[in-house]
Amino acid sequence: MTDPHPSSDMMTSTPTGSGGVAYVPAPAGGGSLDRELAYDAGVEIKARSQWAYARMRFLRHRLAVVSLIVLLLLALVAVFANQVAPYGYDEQNYDIINLGPTFDGKHVFGTDQLGRDYLSRVIYGLRTSLWVAFFVAGLTTFIGTVVGAIAGYYGGVVDNLLMRFTDLVLVLPALAVLLAAATFFNKEGSPLKAAILLGILLWVGLARILRGIFLSLREKEFVEAAKAAGASDLRIIGRHILPNCVGAIVVYMTLVVAGAILIEAALSFLGFGIKPPHPAIGSLISDGQQQGLATWWLVTFPGLVIALVALAINFIGDGLRDALDPTQRRVRA
Amino acid sequence: MAEPILEIRDLTVEFGTEDGVVRAVTGVSYDLHPGEVLGIVGESGSGKSVSMLSVLGLIPMPPGRIVEGQAIFRGEDLVTMPKSKLREIRGGKMAMIFQDPMTSLNPVLTIGDQIAEAIQVHNPGTSNDDVRKRTVALLELVGVPFAERRVNQYPHEFSGGMRQRAMIAMAIANDPAVLVADEPTTALDVTIQAQIVEVMQTAQRETNAAIVLITHDLGLIAELADRVVVMYAGRVVELSDVYTIFNSPQHPYTIGLMNSLARVDIDQERLEPIPGQPPSLISLPPGCAFHPRCVHSQGRAICRTDIPELRSMSGDAPHVSACHFAEELAGTRIGAGAASGEGS
Amino acid sequence: MLQYVIRRFLYSIVVLVAASFLVFFFVTASGDPLAGLRITPNVSKETVKNIEERKHLNENVFVRYGYWVRDATTNQFGSTLLTNEPILPDLWRVMKNTLQLVIVAELLAIFIAVGIGVYSALRQYSAFDYSATTFSFLGLAMPVFWIALMLQVLVVQIQGWTGTKLFPIASLNDVDPGSGISFVIDRAHHLALPVLVLMIASIATYSRYMRASMLEVVNSDYVRTARAKGLAESRVTMKHAFRNALIPLVTLVALNFGALLGGAVVTETVFSLDGMGLYYISALLTNDPYPIMAWLMVVAVMIIVFNLVADIAYGLLDPRVRYD
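Residue numbers (our numbering), protein chains in the order written: chain A, 562 to 894; chain B, 3 to 346; chain C, 215 to 538.
These are computed hints drawn from the structure, not numbers from a lab. Every clue listed holds true.
Restricting the straight-line Cα-Cα distance to at most 16 Å, the calculated cross-link-like pairs of lysine to aspartate or glutamate (EDC-like) are:
(1) A:748 / C:246
(2) A:836 / A:749
(3) C:453 / C:532
(4) C:379 / C:400
(5) C:263 / C:273
(6) B:95 / B:78
(7) B:85 / C:447
(8) C:263 / C:246
(9) A:667 / A:652
(10) A:748 / C:502
(11) B:95 / B:177
(12) C:453 / B:115
(13) B:95 / B:79
(14) B:95 / B:9
(15) B:87 / C:447
If you want the ones that stay clear, here's a sample from chain B, every Cβ over 12 Å from chain C, calculated:
(16) 5
(17) 23
(18) 46
(19) 67
(20) 148
(21) 196
(22) 312
The C-beta atom is built at its ideal place from N, Cα and C for all residues, glycine as well.
Given these sequences and hints, build the entire structure.
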């Protein structure tokens, strides 16, 4: 009752093909193990690193690649806001009030009743949104990874606390908690404080995910092997388990960036996020709203930009997920 | 021999994948006779499952495609038959048992429900009472204790062996003429395997069905099969009765399989695995698909250029082999240095 | 099954109590709620002292917690800090309004999303599938408040061109909506746009998830078995695939409820609806901790109840869970 030969999955297709090799028995007959490779029927096999494969897979997603380019362009615009924006954020000019979007390139997003050019406002607001979002992502990733790793690897008290804490966090809606937190701890509307508050709330999801991964990987043989070889806990976590989590971490990070942009915009819109004089897209939308709905361009374009950024990030996240975790095979129709 | 109940002729099945077209099955032909157990042996990727799944209409047809071939069951071709007619046969006169009973049973429906469904679909109009009675009777037949109670339980409340028994019960519910078992014991513990073999033998006694036993487990084949089809890279490479296949195979792949088995009845100095890896079905080697791993080929040109046809071998029993040099292999002894291709 | 529900229920109580601690200490830690009042010129020291006594603000934190819990459970959540009005009646009123909005939006969203998800899975890579996926991506990328604003702008613009106002864009009812059926119709008319706004994000999330779940199930072994039994494809889909695919969605809907309430807060603000959103924001703006805490606890209860319902539904759908 033995399996005569270890088998491969039926639908496996090695990307570069493999023809296999043939062995010719040593001339003197008998079961000698000295066999030469006599014939190579297949194409040669190139060795590629895991990251190269991931990059290849990512580049296959046209939408993700386009989104990445768009995002980079927007980031550049934001970083060089001072140079790119034609006017200041609060620069008022009573000669040009209430202009709809003009096609002569002068006021592409229009102006409001104080004569402020909305394209410039959006550019400055975008800068704030982007750096806050990335800051939050970084903070979240750091805390989430550390807590998740400890909880998943060591279990015990830290794990229990984490799970209970997660249950608690789930019971209150994120936006409501942030609104209250902003009221009590960020009355002045500083972007940095807003980012910190967001980060404090959002790390929990990542910690939970990582805890799960660590729990399952910790039982695997390669960890046992590393322990047998004398590796310290830190080394095992850092060099053996954590690299396997990179996919999940990166995907979560993109979700956090997109989410942070949207939440920050909502908070600023409601007046509980980033407040003047700091530029914020949410604020400019609420400014626009206060003028009434006839000057529709004031609320439309800033929101469009936010949606575009969020969309791009989501596409990139999708591409990254496929690149780093291709468990799904697409079969051509 | 009696008229075959199922005739597979020149079956070719392809799949379109991201990386290219996969020829899972090429030019496969074999017959199934009433009441017999036909074993289909091969590694994963040999096409052994696909050949039966495709004629039953169980492979997803957008990526999969039956390029050509026929499957004559009781005079009608399953391949060209309208889907509704095929559905009547499937689960009725031709039934399947799958490999992993944990995932092959619907977790949210009771075992009784699932067996009853098989009965009701093919016997509409049967009273609920009769269906239930038959369900319990089937469970008893396959050896599920306390069948009356267990009929209302869910799959996760059954053990692995019990689940496979339930699957067999489901398959024989409508008195099939052909029972296809796809790796029925692979997912089970060894001790349970023996029990399931018994259940299958019981099932065959009850229904007089012909069984197509698809597996890579040669021990199972030795135990149950009457005739054996050996497949490699989507083609039939050898076909004969089970004794011939085990004792005097005449194809390098079959010989390799037999040599790699640990056996108690002959003297073996060492186990000889077949060197190399099975080929990728997208880029098959030219000529004979087995030649890169073939010890007997000795680099001869024809193995690299021409695909060998199935030819009859001499001897009492019907025996075909697809090797250019099959005759040279007559009388090959299994074990003890036979790998080098020497004769007896 | 009953055991399972009871256990979940008891655990929820524990979580609720823990949440109440958290909320109270968090809010108290923010500082003196009367700070603004103390420095207001016209307010006498005595007024301030009265309020302090009424609210036991001079006692230690645990005692105040005790008073608060007592008020919450027996005394309509106490009263507001400055105006000394009972909290619960107002809160109850706005809660009913918000529930109307949220429940209608969620039920419609689930219904539509399940349909879209299943159909997309069955017709994978079709034009419908691609459009549905695109819609999902868009729906998740657009900020909720912006969608609300855009709809308002659209209505106003259409009114500008054609003179007809398709939907009201503010408040729950017209000034004099009448009673009975005409009241309901008027309310429905006013809630149409807000419901639409909330639906978009939900549908975007749920349909994608349903599609993925359905795809996974449709390729599963037990669906293959069902086909092998000779069942018609429609029966395979409905009886075997669909029910199994629905199970993970229950968890998702439960988890999403918090986000849904957040969306409701924003939407109500934009449409000026007298709901929990505006109530909360005004409480925050006046810095009055009592309605804030009351609101948070009520919302916590809502979420817990909703999760319990989801747990029960999950247990009904998936027998494997019941005997834990």
